[in-house]
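A.B. asks: Listed here are the chains, written in short residue letters.
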Amino acid sequence: MSSTSPPSDASSDASPESPEPSAGEMSADDDGDVFGTEASLSPKLDPRLALGAPHLIIVSVLSAVFLVANYLPLRGTDLWLHVLYGNWILEHGRLPQQEQFMPYSQGMEFLDTQWLSQLIIASVNNLGGAELLSSLFAFCAVVINLCLAYAIHQRTKSLSAAALGICLSLIVGWSRLGTIRPEVFGVICFVGLLALLSRFRSWPMERDDPNGGPALGWWIASAALFAVWANLHGSFVTGLILLGCFALGDCIESLWRNGSLRDVLSDQRVQRSVYLLEFCFLGSLLTPFGFDLPLYVALFSGNENLQEVLEWRPLVIQGVGGRTFAAAIVVAVVALRQSRVRIGVGEYAALIVFGLAAAYGVRMLSWFAPLYAWVLTPHIVSTVRVWTGFATATEPTDLESSAVATADTDTPTEPLEPSTSEPELATAGPNLIPPGRSFHYSLACLVIPWTAFALTPTATPLLGGGERTATQLLGEATPVGLSEHLSEFPVDGPFLCPQQWSDWLIYAGDENLQPLVTSNIHMVPRQVWVDYLAMLNNRTSWDGMLERYRITAVALDKASHGNQIRRMRRQEGWRIAYEDAQAVLFREAGE
Amino acid sequence: MKTPKRFCSAKRANKRRINELAHQENTRRLSSLGIDRMARQEKVNGSRHWAAFAALQVVIFAAVAGAAVYRGGRFTNQSTLALRAEPIEVRPQYDYEFVITDEQLQSTLRRLGLVDRGAETLISATDHSLRMWGPRRTFPYEPKFLSGPEMMSRLTDHRRFAEVYGADSSPLLIPEETGIRVRAIEGPLSSSHIDHTVACLAEVGTPLDYQVVTAQGPSTFRELVEHTIKDFDLNQVEYEWSALTMTLFLPPQREWRGSDGQMMSFDLIADRIMRERLPRGVCGANHRLHALTMMLRVDDMMEDEGHPRILSSDVRTATIEYLTEVTRKLVAHQHPSGCWNMRWPDEAPPEHEASSEDGDTLGDRLIATGHALEWWSLAPQELHPPRGVLVSASQWIVTTVEGLSDEEIQRYNSYLSHAGRALALWRGRLPGEVDLTANETSN
Numbered sequence: 026m027s028s029t030s031p032p033s034d035a036s037s038d039a040s041p042e043s044p045e046p047s048a049g050e051m052s053a054d055d056d057g058d059v060f061g062t063e064a065s066l067s068p069k070l071d072p073r074l075a076l077g078a079p080h081l082i083i084v085s086v087l088s089a090v091f092l093v094a095n096y097l098p099l100r101g102t103d104l105w106l107h108v109l110y111g112n113w114i115l116e117h118g119r120l121p122q123q124e125q126f127m128p129y130s131q132g133m134e135f136l137d138t139q140w141l142s143q144l145i146i147a148s149v150n151n152l153g154g155a156e157l158l159s160s161l162f163a164f165c166a167v168v169i170n171l172c173l174a175y176a177i178h179q180r181t182k183s184l185s186a187a188a189l190g191i192c193l194s195l196i197v198g199w200s201r202l203g204t205i206r207p208e209v210f211g212v213i214c215f216v217g218l219l220a221l222l223s224r225f226r227s228w229p230m231e232r233d234d235p236n237g238g239p240a241l242g243w244w245i246a247s248a249a250l251f252a253v254w255a256n257l258h259g260s261f262v263t264g265l266i267l268l269g270c271f272a273l274g275d276c277i278e279s280l281w282r283n284g285s286l287r288d289v290l291s292d293q294r295v296q297r298s299v300y301l302l303e304f305c306f307l308g309s310l311l312t313p314f315g316f317d318l319p320l321y322v323a324l325f326s327g328n329e330n331l332q333e334v335l336e337w338r339p340l341v342i343q344g345v346g347g348r349t350f351a352a353a354i355v356v357a358v359v360a361l362r363q364s365r366v367r368i369g370v371g372e373y374a375a376l377i378v379f380g381l382a383a384a385y386g387v388r389m390l391s392w393f394a395p396l397y398a399w400v401l402t403p404h405i406v407s408t409v410r411v412w413t414g415f416a417t418a419t420e421p422t423d424l425e426s427s428a429v430a431t432a433d434t435d436t437p438t439e440p441l442e443p444s445t446s447e448p449e450l451a452t453a454g455p456n457l458i459p460p461g462r463s464f465h466y467s468l469a470c471l472v473i474p475w476t477a478f479a480l481t482p483t484a485t486p487l488l489g490g491g492e493r494t495a496t497q498l499l500g501e502a503t504p505v506g507l508s509e510h511l512s513e514f515p516v517d518g519p520f521l522c523p524q525q526w527s528d529w530l531i532y533a534g535d536e537n538l539q540p541l542v543t544s545n546i547h548m549v550p551r552q553v554w555v556d557y558l559a560m561l562n563n564r565t566s567w568d569g570m571l572e573r574y575r576i577t578a579v580a581l582d583k584a585s586h587g588n589q590i591r592r593m594r595r596q597e598g599w600r601i602a603y604e605d606a607q608a609v610l611f612r613e614a615g616e
Numbered sequence: 019m020k021t022p023k024r025f026c027s028a029k030r031a032n033k034r035r036i037n038e039l040a041h042q043e044n045t046r047r048l049s050s051l052g053i054d055r056m057a058r059q060e061k062v063n064g065s066r067h068w069a070a071f072a073a074l075q076v077v078i079f080a081a082v083a084g085a086a087v088y089r090g091g092r093f094t095n096q097s098t099l100a101l102r103a104e105p106i107e108v109r110p111q112y113d114y115e116f117v118i119t120d121e122q123l124q125s126t127l128r129r130l131g132l133v134d135r136g137a138e139t140l141i142s143a144t145d146h147s148l149r150m151w152g153p154r155r156t157f158p159y160e161p162k163f164l165s166g167p168e169m170m171s172r173l174t175d176h177r178r179f180a181e182v183y184g185a186d187s188s189p190l191l192i193p194e195e196t197g198i199r200v201r202a203i204e205g206p207l208s209s210s211h212i213d214h215t216v217a218c219l220a221e222v223g224t225p226l227d228y229q230v231v232t233a234q235g236p237s238t239f240r241e242l243v244e245h246t247i248k249d250f251d252l253n254q255v256e257y258e259w260s261a262l263t264m265t266l267f268l269p270p271q272r273e274w275r276g277s278d279g280q281m282m283s284f285d286l287i288a289d290r291i292m293r294e295r296l297p298r299g300v301c302g303a304n305h306r307l308h309a310l311t312m313m314l315r316v317d318d319m320m321e322d323e324g325h326p327r328i329l330s331s332d333v334r335t336a337t338i339e340y341l342t343e344v345t346r347k348l349v350a351h352q353h354p355s356g357c358w359n360m361r362w363p364d365e366a367p368p369e370h371e372a373s374s375e376d377g378d379t380l381g382d383r384l385i386a387t388g389h390a391l392e393w394w395s396l397a398p399q400e401l402h403p404p405r406g407v408l409v410s411a412s413q414w415i416v417t418t419v420e421g422l423s424d425e426e427i428q429r430y431n432s433y434l435s436h437a438g439r440a441l442a443l444w445r446g447r448l449p450g451e452v453d454l455t456a457n458e459t460s461n
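Going line by line, the protein sequences match chains A and B.
Counting from 1, position 106 in the first sequence corresponds to residue 131 in the working numbering; the numbering is continuous, with no gaps.
Counting from 1, position 417 in the second sequence corresponds to residue 435 in the working numbering; the numbering is continuous, with no gaps.
Chain A on its own, in the form it takes in the complex:
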């Protein structure tokens, strides 16, 4: 996948027969000749800084991701609730023991599984407001894709494959790109794990080998990753599941190869996979909640309330992310059928488990997408090579790569593209730029990110420019006008509004607001959630419900609650206290 026709540039003139003077040999006079028409330019920079087309593709994709992510509005996910919890932790110097913002969630078992993310988010918000939050998430999007590129490169030794991989991940998981919440920290850890696995699973197996087996540092790094991850976000369980898939895969492969349980238990590869899983599990216990955290997270997805939330519903082909997921599955089937690269049982298992999870809940696309890219990219590259006739006799066949993988790695050790990495650079001589690389690419790799950066709101404090409007920054769905009204005229008592608005209205409106339901949907008692849905979906008598929860104010979205608004206008004892193009606020007549 490398560039086979390097552009004409200074480096292309350099040949072994006529070596250019090195940087140290160039005189001041030489510098004066640079502008002469007869002068031949020679690089002063280290040739290792000359980059190639794959670098440019990766940098361009990452720049595009940064640019796009910067302009994504901080729409009404649970972002503002995390800011509120982060501020609560900062204010009290301890973790909350119970839900803080819903009046009827007392006694619900509460573990603040995202406390570290909340601290980060709240601190960033306190430092630079919503604009800095937006920049933080754009930066996170870049880190995710950069880690993924590294992980894929570790497996394939191919920058082109890495570029293809991050594109695949972005396409499959595009519907999750706008998700700005602690989940992104979880995804960073997930791709970090993929990167770690790419290295971890390529170590030789021989114990006597001085280079064999991962060093202690790698084990500690794995556990540390999970320790941090478990404090950032509950998705660390996905990491454990991934490791479990690999451990299971290694067991099955070993059993297939050796035929007896004893041999499986003796298999160092099996032992290493299992120990890694256990080590990482131990790491995940290093939280303020200890063993309760994995239990809590394991039970979390079974919460009945979540089944009514879009991101926890099964994928629908016509729905969010459905088409790309279906296309991804088709591509996977074709690639795995055609690929000449071996796939391990663990990878198969992971792909199936995460694929099923994504099909079962839209949210799981966040983890499926990078995993899909990590597993499938080598196979897609191989398939393309088979189709285009680039597959050569030197490319490992199924059997060989299988055997090699049995001993060393999951995927072929031979690169998928002609390598232009360190060994070649070393043999090419100190001043020679390898084929396919050029300082033009290097320059472009600097200019493109800078341009992207300059075009983003992140650059505004540095380069100047106007601030974004509230709508541009927060999205059209955020009830900015209503929050301003509530900050001036607070509501005393329980308050009914769409759950998507609650967090923002507490954050920007009235800090003592008591919405019936916030984004902590799993913390809402079942009956409250059922009644909330019945009210907002106009399925029940409002009189009884409003009284049962002693609701003293009701805010409704004109775009989606037209019937309810008409009903409230007729409701005795209620008056309109605020109205704009987006929202209507009703208060009890006595309020």
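All the pointers check out, no bait thrown in.
Residues from chain B that keep clear of chain A, each with C-beta distances beyond 12 Å, as calculated: (1) Asp-134; (2) Arg-201; (3) Ala-202; (4) Val-407.
Chain B side only, calculated, beta carbon under 8 Å to chain A, not exhaustive: (5) Arg-92; (6) Met-282; (7) Leu-286; (8) Arg-295.
Hints were generated in silico from the structure; no laboratory data involved.
Note that beta-carbon positions come from the ideal geometry of N, C-alpha and C, so glycine has one too.
Chain B: place on chain A using the hints.
C.D. replies: Here is chain B on its own, set in the frame of chain A:
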């Protein structure tokens, strides 16, 4: 265009041959790479450790499974319920002759038995009557009245229930995962309110090991109580009788898990009971007031027994303030005749005679007046109204009952069960403890 068959088979043969050659080539290359030697070496190295590895995995698995079981209860509603073997008996604590005389009490109560109408007898009337009279009361002077044992039998033994109401009738007791549910609000052969029957059985002192027979077989009353507690949701529509059942069976346990794994406490329940505006709730909110009164009484009893109180001091204070305010409203809105109607928090009954208006019928007045007298009779003295209020209310009931025909008494029997119980409680007795034969002898 169709491919010739012969060509296809030749293609398959070629493919097989290619695969064989590839296999031979790969085997040769594997040997040259030393892979088989590596695998053998790996086996030798690993064999020394397989047993230790297996043992370690067993230990780790056992530790994780044990910890999961040990800590898992925190996140489910499977917490242990330390139920009392017998419900707490909240005894009457006043004997106020000025409220009602012995003669008035006898003559009034004698008429309040529930006539057995066979399959026409409502379950809601049966459990109300059982609550009033208790499980041992008999009526030798009036055989048509349902005795305590018969009422117990119909409510707790499906065999008797089927005899009275027919084998085809939907059973009253339904075994479920969390215990036995009493069918409610599903017609005349079901309980009139959620957990009403269970609360009635608890109030008359039914122990946990009391045998209950469902259509599926024998069980115990514990199953009904556990279902009430485990199925309880703080925001369910009717919660008064569930709260009462828990108040009588759970103390001194102060916290437990309800449905959703929500940690429950008597503080939360008291807050819930006081949440809605008056007179929302069944019977003009009076069951809310009764449940709060019972919680206050049990709270005191726990302290007397040397246990921690079931209410925090803040919630206890809030409860007393709440009931004090209720008393103030009742005093302010009592009709000069002594009665209230269902609009008692806001206004007094407009006329001396009951009307046909919703909330002001005779039944409504009997409910409002009887219930108010009942919870006051159990409440701490500081919550009592002036004596004149009590006297006029009790005398209104006595006079009204005197004026009712037997048929009307049967029609209002459930409402009157509260009034009759209240009258007995003001004389320091339960209705089941009042001697009803003396009047007959003197007559």
